[in-house]
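Those protein sequences? They're chains A and B, same order as listed.
Counting from 1, position 88 in the first sequence corresponds to residue 87 in numbering that gives the first Met the number 0; the numbering is continuous, with no gaps.
Counting from 1, position 53 in the second sequence corresponds to residue 52 in numbering that gives the first Met the number 0; the numbering is continuous, with no gaps.
It is possible that part of the hints are untrue.
[Claimed, not checked] Here are some of the chain B residues that sit facing chain A, going by a computed Cβ distance under 7 angstroms:
1) Y434
2) Q437
3) L440
4) G452
5) Y453
6) K455
[What the hints assert, rightly or not] Capping the alpha-carbon separation at 30 angstroms, the derived lysine-lysine pairs in DSS-like fashion look like this:
7) K431(B) to K190(A)
8) K136(A) to K471(B)
9) K426(B) to K136(A)
10) K110(A) to K471(B)
11) K431(B) to K110(A)
12) K65(A) to K190(A)
13) K122(A) to K431(B)
14) K108(A) to K455(B)
15) K455(B) to K50(A)
16) K431(B) to K63(A)
17) K226(A) to K14(A)
18) K431(B) to K50(A)
19) K136(A) to K108(A)
20) K471(B) to K122(A)
21) K471(B) to K50(A)
22) K471(B) to K108(A)
23) K160(B) to K45(B)
24) K160(B) to K147(B)
25) K431(B) to K65(A)
26) K426(B) to K50(A)
27) K455(B) to K122(A)
28) K455(B) to K266(B)
29) K431(B) to K14(A)
30) K194(A) to K108(A)
31) K226(A) to K5(A)
32) K455(B) to K136(A)
33) K226(A) to K190(A)
34) K108(A) to K431(B)
35) K223(A) to K431(B)
36) K136(A) to K431(B)
37) K431(B) to K18(A)
38) K167(B) to K65(B)
39) K426(B) to K14(A)
Keep in mind that the hints were calculated from the coordinates and are not lab data.
Heads up, the beta-carbon is just placed ideally off N, CA and C, and yes, glycines get one too.
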Amino acid sequence: MLLEIKDLHASINGKQILKGVNLNVNRGEIHAIMGPNGNGKSTLASVIAGKEMFRVDGGQINYKGKNLFDLNVEERACEGIFLGFQYPVEIPGVSITSFMRAAVNQQRKYKGLDPMDTFAFMKYMEEKQALVGMTDKLANRSVNEGFSGGEKKKNEIFQMAMLQPELAILDETDSGLDIDALRIVAGGVNKLANKDNAVVVITHYQRLLDYIVPDFVHVLADGKIVKTGTKELAKELEVKGYDWLKDVTDK
Amino acid sequence: MKKQEEQDQILKDITQSDYEWGFETEVDTHALEKGLSEDTIRRISKLKEEPEYMLEFRLAAFAQWKKMGEPHWGHFDYAPIDYQDIIYYAAPQTKEDNPLAGVDPELLETFKKLGIELDEKKELPKVAVDAIMDSVSVKTMYSEDLAKQGIIFCSISEAIKNHPDLIKEYLGSVVPSGDNYFTALNSAVFSDGSFVYIPKGVRCPMELSSYFRINAKESGQFERTLIIADEGAYVSYMEGCTAPMRDKNQLHAAVVEIVVLKDAEVKYSTVQNWYPGDKEGRGGIYNFVTKRGICKGSRAKLSWTQVETGSAITWKYPSIILKGDHSTGEFYSVAVTNNHQQADTGTKMIHIGQNTSSTIVSKGVSAGESQNSYRGLVKIMPAAEGARNFSRCDSLLMGNRCGAHTWPDIQCQNRTAVVEHEATTSKISEEKLFYCRQRGLSEEDAVSLIVNGYAKDVLEQLPMEFAAEAQKLLSVSLEGSVG
Numbered sequence: 000m001l002l003e004i005k006d007l008h009a010s011i012n013g014k015q016i017l018k019g020v021n022l023n024v025n026r027g028e029i030h031a032i033m034g035p036n037g038n039g040k041s042t043l044a045s046v047i048a049g050k051e052m053f054r055v056d057g058g059q060i061n062y063k064g065k066n067l068f069d070l071n072v073e074e075r076a077c078e079g080i081f082l083g084f085q086y087p088v089e090i091p092g093v094s095i096t097s098f099m100r101a102a103v104n105q106q107r108k109y110k111g112l113d114p115m116d117t118f119a120f121m122k123y124m125e126e127k128q129a130l131v132g133m134t135d136k137l138a139n140r141s142v143n144e145g146f147s148g149g150e151k152k153k154n155e156i157f158q159m160a161m162l163q164p165e166l167a168i169l170d171e172t173d174s175g176l177d178i179d180a181l182r183i184v185a186g187g188v189n190k191l192a193n194k195d196n197a198v199v200v201i202t203h204y205q206r207l208l209d210y211i212v213p214d215f216v217h218v219l220a221d222g223k224i225v226k227t228g229t230k231e232l233a234k235e236l237e238v239k240g241y242d243w244l245k246d247v248t249d250k
Numbered sequence: 000m001k002k003q004e005e006q007d008q009i010l011k012d013i014t015q016s017d018y019e020w021g022f023e024t025e026v027d028t029h030a031l032e033k034g035l036s037e038d039t040i041r042r043i044s045k046l047k048e049e050p051e052y053m054l055e056f057r058l059a060a061f062a063q064w065k066k067m068g069e070p071h072w073g074h075f076d077y078a079p080i081d082y083q084d085i086i087y088y089a090a091p092q093t094k095e096d097n098p099l100a101g102v103d104p105e106l107l108e109t110f111k112k113l114g115i116e117l118d119e120k121k122e123l124p125k126v127a128v129d130a131i132m133d134s135v136s137v138k139t140m141y142s143e144d145l146a147k148q149g150i151i152f153c154s155i156s157e158a159i160k161n162h163p164d165l166i167k168e169y170l171g172s173v174v175p176s177g178d179n180y181f182t183a184l185n186s187a188v189f190s191d192g193s194f195v196y197i198p199k200g201v202r203c204p205m206e207l208s209s210y211f212r213i214n215a216k217e218s219g220q221f222e223r224t225l226i227i228a229d230e231g232a233y234v235s236y237m238e239g240c241t242a243p244m245r246d247k248n249q250l251h252a253a254v255v256e257i258v259v260l261k262d263a264e265v266k267y268s269t270v271q272n273w274y275p276g277d278k279e280g281r282g283g284i285y286n287f288v289t290k291r292g293i294c295k296g297s298r299a300k301l302s303w304t305q306v307e308t309g310s311a312i313t314w315k316y317p318s319i320i321l322k323g324d325h326s327t328g329e330f331y332s333v334a335v336t337n338n339h340q341q342a343d344t345g346t347k348m349i350h351i352g353q354n355t356s357s358t359i360v361s362k363g364v365s366a367g368e369s370q371n372s373y374r375g376l377v378k379i380m381p382a383a384e385g386a387r388n389f390s391r392c393d394s395l396l397m398g399n400r401c402g403a404h405t406w407p408d409i410q411c412q413n414r415t416a417v418v419e420h421e422a423t424t425s426k427i428s429e430e431k432l433f434y435c436r437q438r439g440l441s442e443e444d445a446v447s448l449i450v451n452g453y454a455k456d457v458l459e460q461l462p463m464e465f466a467a468e469a470q471k472l473l474s475v476s477l478e479g480s481v482g
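Take these sequences, add in the hints, and give me the full structure.
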């Protein structure tokens, strides 16, 4: 199993957010986590990535058979965990090219590989740019600086393509996208998903799931996964909303 | 999950990045005893075998200095300087008495350790270096090659002897001895420095560079640099500086004067890396420097670029007097302070001529418990029709115990002038670090990447030979400064 989350409890500033999450993800699977806003979806993504402002109060996460809590943020990244950010930050003066070059070479170093030379890197980058439709013009701009919502998300998917993660968690990657951008992003994800990796898509709307077809759909409400189903569940949610599930858990 | 104490520990660890230029050279030094009097000045002048006019220049400056008081308007907190407790002249002694034997190999080795190859046969990218240790110039490279084009590049001591006309005309013409307390002191006791003269219409074929090194204990360094670009000339000049680690503060009070005549251009770049003191703020160089240039003729252009990472105290405002019509002044600065460093730096742009323009880009980075101030003056005189200034002052803060301060002063006396000022203050946020770390970068690599990106507009102005070194220096200066 790639990722195994058992009874995970987490809080921020003393406020409990995750109240016993259980989740199993295997290689080759696409999972969608849905649920109302403010119920812990982004927190779950942040805790897996290792964001230090969240406190883990209980439970465990095993990743590739290792205790994930033994690894810091960058070690988790180098071990193949990628987080597609809901709100990617700007890094003025640092081009996407140099940012990716630093990241790719750092991850190679972690794996005991030599850094890529300039030519190999440019060629590699060209391939991945084509995959997600990222122009040279965009790649030479500073990371996310002055990007539109769509450009920011495209940049996230591009970075995912560059880093070839084993576990990609995409946090509300569809928010703020028009339909064309949504297609490009979803198309990128579909091209990148394969039998050796897993993708966890966190989304508020069913819309994205018209383009990315998940193997499993989970509903995260009030800090727990309250229901798990197939893509049909997403359609049901679209019609019925989330309230009926809350009632189930309350009882 | 990291607790506050752990974070504090990391913050402490960061500041442990060692100052790798802190070694000391074992070389016999001929030094005057501590203290400053008229007699000290006469002895310095005599040791340097100076002509009479120079002694008079020094004594006049000393008379002014005695009447002046140390300025205290800078944003600093430091123990008083005892001017009688400083050695004003220290010269590394060559082991051989015969001057033809050349430079002491020990000194060549020192500069080699600092990355400066003084062997003309070995230096690959052609940069002519004037290497200065304590009070004397050790070696000036390529002087003969340059002389073929009429370019004079030598130590100021040689220029005083060999080019008295130029010295008499220009020394003190941009920075008069009595300009301030430290210029008066420098004018009285300066021991060496570099002199550059580029004749009419000549484009200097290589980068010129001075490397200043303080080695002797308890000595001050008072260097004097004078650069003259005659009509239509061009030169790019770089300056680097380091000092051994000592637990006592050392004084460095330099004066740099630049004269740019009609249609000439001078680019002056500094990477200042004097010893900044230890983590607790013990020791380090007190750097009180006056740098000023004048664009004397029409369409003259002067550009200051500085990367300031060293010194316990930095007091420095490279300025430009834009006298010629259509002349241009530029100031690009990155000042990094960490631990207990204090920097008060900025520029002055004085617009006198018509259609003069100036650009100021200042990037401060503060970490640890340091204080980083920008102080700038843009002055548009009544005659400066069509003058234009653009200023941008940014501050970047790391952690919550440092300070960034900005004191811009704009005085505009001409209605047609356009003056713009932009300023920002930002922090290296947890969010930014997390984003970079999530891609696999370590915390320190992330800081280095963010800071280098932030300073990019300034680093781009540096000559190639300097840019890589400056980038590395920024990373080292901030190692572990994440809070």
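Here is what the structure says about each hint:
no.	hint	in the structure
1	Y434	holds (5 angstroms)
2	Q437	holds (5 angstroms)
3	L440	holds (5 angstroms)
4	G452	holds (3 angstroms)
5	Y453	holds (6 angstroms)
6	K455	holds (4 angstroms)
7	K431(B) to K190(A)	holds (28 angstroms)
8	K136(A) to K471(B)	holds (28 angstroms)
9	K426(B) to K136(A)	holds (28 angstroms)
10	K110(A) to K471(B)	holds (25 angstroms)
11	K431(B) to K110(A)	holds (24 angstroms)
12	K65(A) to K190(A)	holds (28 angstroms)
13	K122(A) to K431(B)	holds (28 angstroms)
14	K108(A) to K455(B)	holds (26 angstroms)
15	K455(B) to K50(A)	holds (28 angstroms)
16	K431(B) to K63(A)	holds (27 angstroms)
17	K226(A) to K14(A)	holds (23 angstroms)
18	K431(B) to K50(A)	holds (12 angstroms)
19	K136(A) to K108(A)	holds (28 angstroms)
20	K471(B) to K122(A)	holds (27 angstroms)
21	K471(B) to K50(A)	holds (28 angstroms)
22	K471(B) to K108(A)	holds (19 angstroms)
23	K160(B) to K45(B)	holds (13 angstroms)
24	K160(B) to K147(B)	holds (20 angstroms)
25	K431(B) to K65(A)	holds (27 angstroms)
26	K426(B) to K50(A)	holds (18 angstroms)
27	K455(B) to K122(A)	holds (26 angstroms)
28	K455(B) to K266(B)	holds (18 angstroms)
29	K431(B) to K14(A)	holds (24 angstroms)
30	K194(A) to K108(A)	holds (25 angstroms)
31	K226(A) to K5(A)	holds (16 angstroms)
32	K455(B) to K136(A)	holds (19 angstroms)
33	K226(A) to K190(A)	holds (28 angstroms)
34	K108(A) to K431(B)	holds (22 angstroms)
35	K223(A) to K431(B)	holds (29 angstroms)
36	K136(A) to K431(B)	holds (23 angstroms)
37	K431(B) to K18(A)	holds (28 angstroms)
38	K167(B) to K65(B)	holds (23 angstroms)
39	K426(B) to K14(A)	holds (26 angstroms)
Of the hints listed earlier, there is not a single one the structure fails to meet.
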